[in-house]
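Build out the structure end to end from the sequences listed, making use of the hints.
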Amino acid sequence: MKINVIDIIDFLKTDILNVFGCVDNAAIKHIRAPQFVDKDTLDWVNSNKKEKQLIAESSKAKIIIVDKGVKYSETLKLQNKIIIQVENPKLVIALIAGKFFTPKFISSIHKSSFIHKDAKIHSSVYIGPNCTIGNCIIGENTIIYSNVTIYDDVKIGSNVIIQAGTVIGTDGLGCDRKKDGTLVKFPHFGIVEICDNVEIGANCQIARGALSNTIIGEGSKINGLCFIAHNCVLGKNVLITGSTMLAGSVKIEDNVTIYSKVIIRDQIIIGKGATIGMGAVVTKNIPLNEIWIGSPAKKINNG
Amino acid sequence: MKINVIDIIDFLKTDILNVFGCVDNAAIKHIRAPQFVDKDTLDWVNSNKKEKQLIAESSKAKIIIVDKGVKYSETLKLQNKIIIQVENPKLVIALIAGKFFTPKFISSIHKSSFIHKDAKIHSSVYIGPNCTIGNCIIGENTIIYSNVTIYDDVKIGSNVIIQAGTVIGTDGLGCDRKKDGTLVKFPHFGIVEICDNVEIGANCQIARGALSNTIIGEGSKINGLCFIAHNCVLGKNVLITGSTMLAGSVKIEDNVTIYSKVIIRDQIIIGKGATIGMGAVVTKNIPLNEIWIGSPAKKINNG
Amino acid sequence: MKINVIDIIDFLKTDILNVFGCVDNAAIKHIRAPQFVDKDTLDWVNSNKKEKQLIAESSKAKIIIVDKGVKYSETLKLQNKIIIQVENPKLVIALIAGKFFTPKFISSIHKSSFIHKDAKIHSSVYIGPNCTIGNCIIGENTIIYSNVTIYDDVKIGSNVIIQAGTVIGTDGLGCDRKKDGTLVKFPHFGIVEICDNVEIGANCQIARGALSNTIIGEGSKINGLCFIAHNCVLGKNVLITGSTMLAGSVKIEDNVTIYSKVIIRDQIIIGKGATIGMGAVVTKNIPLNEIWIGSPAKKINNG
Numbered sequence: 011m012k013i014n015v016i017d018i019i020d021f022l023k024t025d026i027l028n029v030f031g032c033v034d035n036a037a038i039k040h041i042r043a044p045q046f047v048d049k050d051t052l053d054w055v056n057s058n059k060k061e062k063q064l065i066a067e068s069s070k071a072k073i074i075i076v077d078k079g080v081k082y083s084e085t086l087k088l089q090n091k092i093i094i095q096v097e098n099p100k101l102v103i104a105l106i107a108g109k110f111f112t113p114k115f116i117s118s119i120h121k122s123s124f125i126h127k128d129a130k131i132h133s134s135v136y137i138g139p140n141c142t143i144g145n146c147i148i149g150e151n152t153i154i155y156s157n158v159t160i161y162d163d164v165k166i167g168s169n170v171i172i173q174a175g176t177v178i179g180t181d182g183l184g185c186d187r188k189k190d191g192t193l194v195k196f197p198h199f200g201i202v203e204i205c206d207n208v209e210i211g212a213n214c215q216i217a218r219g220a221l222s223n224t225i226i227g228e229g230s231k232i233n234g235l236c237f238i239a240h241n242c243v244l245g246k247n248v249l250i251t252g253s254t255m256l257a258g259s260v261k262i263e264d265n266v267t268i269y270s271k272v273i274i275r276d277q278i279i280i281g282k283g284a285t286i287g288m289g290a291v292v293t294k295n296i297p298l299n300e301i302w303i304g305s306p307a308k309k310i311n312n313g
Numbered sequence: 011m012k013i014n015v016i017d018i019i020d021f022l023k024t025d026i027l028n029v030f031g032c033v034d035n036a037a038i039k040h041i042r043a044p045q046f047v048d049k050d051t052l053d054w055v056n057s058n059k060k061e062k063q064l065i066a067e068s069s070k071a072k073i074i075i076v077d078k079g080v081k082y083s084e085t086l087k088l089q090n091k092i093i094i095q096v097e098n099p100k101l102v103i104a105l106i107a108g109k110f111f112t113p114k115f116i117s118s119i120h121k122s123s124f125i126h127k128d129a130k131i132h133s134s135v136y137i138g139p140n141c142t143i144g145n146c147i148i149g150e151n152t153i154i155y156s157n158v159t160i161y162d163d164v165k166i167g168s169n170v171i172i173q174a175g176t177v178i179g180t181d182g183l184g185c186d187r188k189k190d191g192t193l194v195k196f197p198h199f200g201i202v203e204i205c206d207n208v209e210i211g212a213n214c215q216i217a218r219g220a221l222s223n224t225i226i227g228e229g230s231k232i233n234g235l236c237f238i239a240h241n242c243v244l245g246k247n248v249l250i251t252g253s254t255m256l257a258g259s260v261k262i263e264d265n266v267t268i269y270s271k272v273i274i275r276d277q278i279i280i281g282k283g284a285t286i287g288m289g290a291v292v293t294k295n296i297p298l299n300e301i302w303i304g305s306p307a308k309k310i311n312n313g
Numbered sequence: 011m012k013i014n015v016i017d018i019i020d021f022l023k024t025d026i027l028n029v030f031g032c033v034d035n036a037a038i039k040h041i042r043a044p045q046f047v048d049k050d051t052l053d054w055v056n057s058n059k060k061e062k063q064l065i066a067e068s069s070k071a072k073i074i075i076v077d078k079g080v081k082y083s084e085t086l087k088l089q090n091k092i093i094i095q096v097e098n099p100k101l102v103i104a105l106i107a108g109k110f111f112t113p114k115f116i117s118s119i120h121k122s123s124f125i126h127k128d129a130k131i132h133s134s135v136y137i138g139p140n141c142t143i144g145n146c147i148i149g150e151n152t153i154i155y156s157n158v159t160i161y162d163d164v165k166i167g168s169n170v171i172i173q174a175g176t177v178i179g180t181d182g183l184g185c186d187r188k189k190d191g192t193l194v195k196f197p198h199f200g201i202v203e204i205c206d207n208v209e210i211g212a213n214c215q216i217a218r219g220a221l222s223n224t225i226i227g228e229g230s231k232i233n234g235l236c237f238i239a240h241n242c243v244l245g246k247n248v249l250i251t252g253s254t255m256l257a258g259s260v261k262i263e264d265n266v267t268i269y270s271k272v273i274i275r276d277q278i279i280i281g282k283g284a285t286i287g288m289g290a291v292v293t294k295n296i297p298l299n300e301i302w303i304g305s306p307a308k309k310i311n312n313g
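Residue numbers (this note's numbering), protein chains in the order written: chain A, 11 to 313; chain B, 11 to 313; chain C, 11 to 313.
Think of the hints as simulated: they come from the structure by calculation, not from any bench. Keep in mind it's a predicted model, so treat the numbers as computed, not measured. Mixed in with the good hints, there may be bad ones.
Identical copies go unnamed one by one, so any copy, or any two together, can satisfy a pair.
[Stated by the list, open to error] No farther apart than 30 Å at their CA atoms in a straight line, the calculated lysine-lysine pairs in the DSSO-like style are these:
hint, residue 1, residue 2
1, Lys59, Lys109
2, Lys23, Lys195
3, Lys72, Lys188
4, Lys261, Lys195
5, Lys59, Lys294
6, Lys49, Lys114
7, Lys60, Lys261
8, Lys130, Lys100
9, Lys189, Lys81
10, Lys81, Lys195
11, Lys62, Lys195
12, Lys195, Lys165
13, Lys12, Lys39
Right under this line is the structure:
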């Protein structure tokens with residue numbers, strides 16, 4: 011596989027600040043780890059590195075994505091390198107990889123997966139082996155890996171990715187005790203709604219709402235082994251990096267970042283753009299854009 | 011579906027304090043979230059609300075479950091509402107939902123599930139797709155969702171619910187090190203016993219005992235992503251709300267409540283009726299009825 | 011089944027300090043919990059017990075593994091017991107159980123499992139029901155339980171055990187945000203390498219590397235519900251007892267012990283032989299042989 015640099019430039023459009031060097035007929039074949047970079051690699055220099063100029067000049071690649079900290083030096087010129095300046099090279103590499111290097115899935119439902127007869131599944135969907143799909147709606151281009159279980163009454167949008175082993179739509183397990191200690195489970199009549207462009211990691215559980223719905227907002231990304239309890243409502247572009255639990259009826263606003271192994275108490279509200287550090291035990295509402303860490307979680311001053 | 015109020019009253023029996031209004035021919039069709047309540051809804055007023063009288067008088071439902079804080083006012087009378095007074099409306103709604111609104115499973119073993127030839131499975135059991143069931147005993151009316159794995163030598167009682175993806179009966183992984191660092195796994199000859207009326211959430215792991223058994227006591231409810239290690243013994247009606255781990259040989263007495271993302275050290279004993287707050291790291295035995303929180307967990311005074 | 015003591019002695023070789031009593035024709039049938047010990051049991055006395063002599067003298071077993079704290083007393087002689095002295099009886103029992111009492115798996119791939127046509131799987135491998143195995147390499151005598159998903163480009167060594175429900179080789183979920191908050195996932199072109207003699211518990215997730223590889227070193231044992239993120243590199247004989255998460259690019263050196271429900275920040279390095287207590291939140295590198303606990307984790311003095 012060969013990708014012309016001209017096509018990459020065309021794809022990035024206004025994300026590019028400058029292009030140095032001659033791009034005619036230039037092409038790349040792959041993106042690789044630093045130690046495996048060769049002349050066909052699209053290389054890049056992370057903005058947070060020191061000695062960025064030196065990294066670019068030492069690269070074996072012909073084509074390198076950099077930020078404005080790297081100049082088109084005489085050395086780079088003599089090496090005939092092509093330098094593409096952007097604001098955030100890491101983000102741009104991720105965009106290019108997503109566009110040009112993501113494996114394409116062929117629309118299909120594996121013969122070993124069981125689909126409810128009334129489920130409405132778009133013809134472009136990929137469902138891997140050994141899945142169980144209840145009476146659901148699944149939108150365009152969604153990819154469901156193997157051993158996933160979707161219970162009835164789950165609505166999944168377009169371009170969603172669900173990694174293997176995840177379970178969506180179980181009852182929650184809110185219980186009251188009778189006087190003799192017996193636990194009585196509260197009913198769960200709500201549904202789960204997974205909006206467009208969401209990704210969910212492996213071996214998660216997302217519970218349905220008790221009376222209202224559990225909602226994962228557009229573009230949110232939840233990594234593996236997370237448990238999203240009944241009635242949680244996540245806004246857009248929420249990032250949860252793994253092994254985190256949101257207890258019942260937690261509300262997360264847009265653009266929140268939650269690092270790994272966090273627990274958030276039921277009914278808590280996390281304000282837009284807030285960040286929660288790994289291992290935090292969150293017992294209070296967090297206002298927008300604040301950073302909280304610790305057990306119990308407290309605001310840190312990051313000014 | 012229509013359920014006569016007279017049948018609900020008959021089911022609740024002595025749980026009812028008072029019924030106001032004319033119940034002849036009155037019926038309900040569903041239980042719903044507040045915003046979707048209509049005249050056919052069985053509505054209820056949670057005891058922890060303020061303005062309970064107002065909530066009842068504003069409800070669009072004809073039939074409402076309340077506690078003694080709500081009086082059968084002139085307004086309610088004029089609205090021809092039926093008011094059922096109970097001590098704990100939330101509990102009563104859960105009981106009614108469990109009795110009248112729980113989906114019935116048809117006894118069956120899905121053709122894609124593999125059952126050990128010597129397993130003893132009651133004819134009333136439901137086993138969903140893609141399960142693997144070893145040489146086990148499974149009692150009456152138990153429901154096992156899809157992708158569940160039960161290893162050999164697991165004994166499951168009656169009316170048990172196991173959500174998708176859960177794994178029961180693996181070895182534990184207690185290891186000793188040789189002098190050169192090599193890890194040697196201790197053998198696991200014990201079994202797992204899941205008693206009657208237990209519910210286990212999705213994607214849990216319950217390990218078998220090393221030499222004695224791992225036991226989940228009658229009526230206990232364990233939510234998703236929990237790990238119950240080898241030789242743990244849980245009493246009756248233990249509630250674990252999710253993402254919690256009990257290390258080896260932990261003993262939990264009856265009616266204990268353990269909130270989410272707790273870790274309890276091996277060999278620890280939790281006394282009857284104790285409560286452990288979310289995210290707690292429990293390194294000491296907890297006496298009966300105490301409440302412990304934090305990392306490491308400490309008693310809180312709640313008097 | 012009957013195992014001659016002479017064969018056990020032959021297997022243990024130099025691990026034995028002394029054998030007392032007449033071993034001719036002596037044999038055992040099983041290893042059991044203390045309360046179920048009978049004359050055919052291979053019994054043992056844990057080194058950390060008080061009154062070890064009394065335990066040995068009270069045992070109903072004929073053959074007992076002990077440390078040097080137990081003498082071959084007149085009582086033991088009169089009981090015609092066989093006493094095998096070793097340095098660490100628990101370790102020796104584990105070795106004997108592993109050699110003589112581990113169930114043998116018949117090499118086979120269950121008909122319900124789906125294997126990529128180009129996968130290279132050794133003929134001695136056991137793969138249980140409902141697995142999905144991508145384009146992988148799997149070595150000799152490896153055992154994969156049911157409902158396991160292995161993505162493409164995973165290399166698994168010999169004598170590896172993977173418990174049910176585990177998922178290996180997913181993308182990581184490192185994301186950058188665009189200015190409007192949109193999350194863009196970084197590509198994952200690395201592989202996962204599981205070395206020889208590794209065991210992985212149930213319902214884990216092990217992510218592939220972003221550009222370089224995720225590696226689980228030889229002889230390491232990871233219990234259930236662990237999440238090993240992209241680019242983590244574990245050395246030899248690392249023990250993780252369950253429900254732990256290693257964030258991206260964590261490096262764990264040989265012989266490290268990590269107890270349950272730990273979270274380790276990305277890029278952290280844990281030195282050889284270090285120990286991390288349960289529930290720890292590790293935000294700093296840990297030097298070799300140190301013991302760290304707490305949130306955030308700190309060194310404890312154990313001298």
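Here is what the structure says about each hint:
no. : hint            : verdict
1   : Lys59 / Lys109  : within (25 Å within a copy, 51 Å between copies)
2   : Lys23 / Lys195  : between (54 Å within a copy, 19 Å between copies)
3   : Lys72 / Lys188  : between (71 Å within a copy, 27 Å between copies)
4   : Lys261 / Lys195 : both (22 Å within a copy, 24 Å between copies)
5   : Lys59 / Lys294  : between (37 Å within a copy, 20 Å between copies)
6   : Lys49 / Lys114  : within (26 Å within a copy, 50 Å between copies)
7   : Lys60 / Lys261  : between (39 Å within a copy, 22 Å between copies)
8   : Lys130 / Lys100 : neither (38 Å within a copy, 35 Å between copies)
9   : Lys189 / Lys81  : between (74 Å within a copy, 24 Å between copies)
10  : Lys81 / Lys195  : between (64 Å within a copy, 28 Å between copies)
11  : Lys62 / Lys195  : between (58 Å within a copy, 23 Å between copies)
12  : Lys195 / Lys165 : both (24 Å within a copy, 23 Å between copies)
13  : Lys12 / Lys39   : within (5 Å within a copy, 62 Å between copies)
Hint check: a violation occurs at hint 8 only; the rest are consistent with the structure.
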